[in-house]
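Line order of the protein sequences matches chains C and L. Following numbering that gives the first Met the number 0, the numbering of the first sequence begins with 0 at its first residue and continues without gaps. Following numbering that gives the first Met the number 0, the numbering of the second sequence begins with 0 at its first residue and continues without gaps.
Hints are supplied without guarantee of correctness; some may be wrong.
Stated by the list, open to error - Covered stretches of chain L (chain C as the covering partner; in silico rule of three or more C-beta atoms under 8 Å from a C-beta of chain C): (1) 12-22; (2) 76-84; (3) 90-99; (4) 227-233.
As the list claims (entries may be wrong) - For the chain L half of the interface with chain C, some residues (derived, Cβ under 7 Å), not all of them: (5) MET47; (6) MET145; (7) ASN179; (8) GLU217; (9) VAL218; (10) ALA293.
Unchecked claim - Here are the simulated SDA-like cross-link-like pairs (lysine to any residue), alpha carbons at most 25 Å apart as the crow flies: (11) LYS53(L) <-> GLU38(C); (12) LYS33(L) <-> PHE14(C); (13) LYS59(C) <-> LYS40(L); (14) LYS50(C) <-> LYS33(L).
It should be emphasised that the hints constitute simulated quantities derived from the structure, not laboratory data. Remember, predicted model here, so these are calculated numbers, not experimental data. Using N, Cα and C, we set each Cβ at its ideal position, and we do this for glycine too.
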Amino acid sequence: MNTFSLRIYEADDTFLIGEAEMVIVPTPDGEYGVMAHHENMVVSVAPGELKYRLAGQELKYAFVASGMMRIEDNDVLILTEAAEHPEEIDMVRVRRKEAEAKEAMLQKKSIKDYYLAQATLIRSINRMRVKNDAGR
Amino acid sequence: MANVSDTKSRIVSVENTHKITNAMYLISSTKLQKAKQNLNKTRPFFQMMENEIKRIFQTETDVRSRYFYPETGRKPAETYAYLVITADKGLAGSYNYNVIKQAALEMEKHKKVKLYVVGEYGRRYYYKHNIPIEHSFLYTAQNPTMHRAREIAHILLTEYDAGRVDEIRVIYSDMENELNSTVKRMNLLPFERKPFLTPEDERSGRDVHYQFYPSVTEVINNIIPAYISGFIYGALVDSFSAEQNARMTAMDSANKNAQEILGNLRLQYNRVRQSAITREITEISAGAKAQKNARKGGR
Numbered sequence: 000m001n002t003f004s005l006r007i008y009e010a011d012d013t014f015l016i017g018e019a020e021m022v023i024v025p026t027p028d029g030e031y032g033v034m035a036h037h038e039n040m041v042v043s044v045a046p047g048e049l050k051y052r053l054a055g056q057e058l059k060y061a062f063v064a065s066g067m068m069r070i071e072d073n074d075v076l077i078l079t080e081a082a083e084h085p086e087e088i089d090m091v092r093v094r095r096k097e098a099e100a101k102e103a104m105l106q107k108k109s110i111k112d113y114y115l116a117q118a119t120l121i122r123s124i125n126r127m128r129v130k131n132d133a134g135r
Numbered sequence: 000m001a002n003v004s005d006t007k008s009r010i011v012s013v014e015n016t017h018k019i020t021n022a023m024y025l026i027s028s029t030k031l032q033k034a035k036q037n038l039n040k041t042r043p044f045f046q047m048m049e050n051e052i053k054r055i056f057q058t059e060t061d062v063r064s065r066y067f068y069p070e071t072g073r074k075p076a077e078t079y080a081y082l083v084i085t086a087d088k089g090l091a092g093s094y095n096y097n098v099i100k101q102a103a104l105e106m107e108k109h110k111k112v113k114l115y116v117v118g119e120y121g122r123r124y125y126y127k128h129n130i131p132i133e134h135s136f137l138y139t140a141q142n143p144t145m146h147r148a149r150e151i152a153h154i155l156l157t158e159y160d161a162g163r164v165d166e167i168r169v170i171y172s173d174m175e176n177e178l179n180s181t182v183k184r185m186n187l188l189p190f191e192r193k194p195f196l197t198p199e200d201e202r203s204g205r206d207v208h209y210q211f212y213p214s215v216t217e218v219i220n221n222i223i224p225a226y227i228s229g230f231i232y233g234a235l236v237d238s239f240s241a242e243q244n245a246r247m248t249a250m251d252s253a254n255k256n257a258q259e260i261l262g263n264l265r266l267q268y269n270r271v272r273q274s275a276i277t278r279e280i281t282e283i284s285a286g287a288k289a290q291k292n293a294r295k296g297g298r
């Protein structure tokens, strides 16, 4: 199967560098899949579940926060604020965060707190999704 | 001349101070190591992000977004937001002073300024000098995390989106190398095209054409928050490294100074002790002589 080079960087670390057969990123309009020799493109990435298959391996999941993906001459670069492997996701912590975010949204202390809580909630829900999907 | 016990107690107190400065030196050096590692880890993301924004500018000349300066018909900005990064503590040589001085220089130029201060030292300074700052903005400079950077970015972006501030600038310290760090100013928002585009860039690389999904504006509006929080994280880590470095230098000179003072004090202590012994011997021998003479005379 044809492959392309895939690099994923998060703001405070390098997440993944390798040869991949396929990658599916979450975008504001749904999922967007990329295979080898895709046309040159820049795609907006929304917080959600990223799926990728490295050469000769099975499909893997990861959590990504918002960012972008650039495809150029069979080279795919994903830049995101945060990315996590399912095994790095601590369900206890995520659940607590989710509860906190929901609580904060109910209280609606201020618009700022509300949006922050909303963003945290979206990240928490997606982290849990990634964890569940990977465990299947 | 000071007496023996006075000198002795001064030696003990200098020794204790020396212990503290030495410990602070060691703590700073380990913190610096850690901060440096973090800095190196964030660099690739940051450089690539800058690169990508540059490329988007190259391919799409008429990007319209509230995050960019329009090419023509630019309105003069009214309110400037400054994010000033200081340390939590003093004892770091001129580190805090340099940042505050630079901030004061910059702020003089504008009529309306909103101050967002990171670090306890800076906050206290502005309180004391009755310079209004955003009070609810309470962030420490210790151990910067991505989470904190994201929150700060969020606060600044909310203000920007609501139109309460027109420009966002950051004043932070950049550690150039072990000996030097400089205070830098970065115009965070809105973006100017120029720093991203050098003349060679504009000529070369034009042939690569991208499709954008869902749209250019969507892509840009989505990556800007990530870029901003990434930049703020970088600035926090950079400043933290510079702070630790400044503290190391300050503590190193304090150590050297303490050693010098200790040397002088020990010398003085020995002299005082020696003269006291000499005096006692003189007194005893003089006393003995007098006794002897008295006994001789009595016979």
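Hints versus structure:
1. Closer than 8 Å: that is the beta-carbon criterion, and the stretch 12-22 of chain L has 0 residues meeting it against chain C, so the requirement of 3 is violated.
2. Under a criterion of three residues with beta carbons nearer than 8 Å to beta carbons of chain C, the stated coverage of the stretch 76-84 of chain L fails, only 0 such residues being counted.
3. Taking a C-beta to C-beta cut-off of 8 Å, the stretch 90-99 of chain L contributes 0 residues in contact with chain C, too few for the three needed, and the coverage statement is violated.
4. Given a C-beta distance limit of less than 8 Å, the hint that chain C covers the stretch 227-233 of chain L holds, as 3 residues qualify and 3 suffice.
5. Taking 7 Å as the C-beta contact cut-off toward chain C, the hint placing MET47(L) at the interface holds, the least distance being around 6 Å.
6. At about 5 Å, the closest approach between the beta carbon of MET145(L) and any beta carbon in chain C falls short of 7 Å, and the interface hint on this residue holds.
7. Interface hint at ASN179(L): violated, since its Cβ lies 25 Å from the closest Cβ of chain C, which is beyond the 7 Å cut-off.
8. Of the supplied interface hints, the one on GLU217(L) holds, with its beta-carbon coming within about 5 Å of a beta-carbon of chain C, less than 7 Å.
9. At about 4 Å, the closest approach between the beta carbon of VAL218(L) and any beta carbon in chain C falls short of 7 Å, and the interface hint on this residue holds.
10. A hinted interface residue such as ALA293(L) counts as satisfied when its beta carbon comes closer than 7 Å to some beta carbon of chain C; here the least separation is about 90 Å, so the hint is violated.
11. Proximity of LYS53(L) to GLU38(C) is assessed by CA-CA distance (about 20 Å); at most 25 Å being required, the pair is judged to hold.
12. About 19 Å separates the Cα atoms of LYS33(L) and PHE14(C), which keeps this hinted pair within 25 Å; it holds.
13. A threshold of 25 Å between alpha carbons decides the hint, and for LYS59(C) with LYS40(L) the separation of about 24 Å falls inside it, so the pair holds.
14. Pair hint LYS50(C) plus LYS33(L) does not hold up; C-alpha atoms about 32 Å apart against a cutoff of 25 Å.
When the structure is compared with the earlier hints, violations turn up for hints 1, 2, 3, 7, 10, 14 and for no others.
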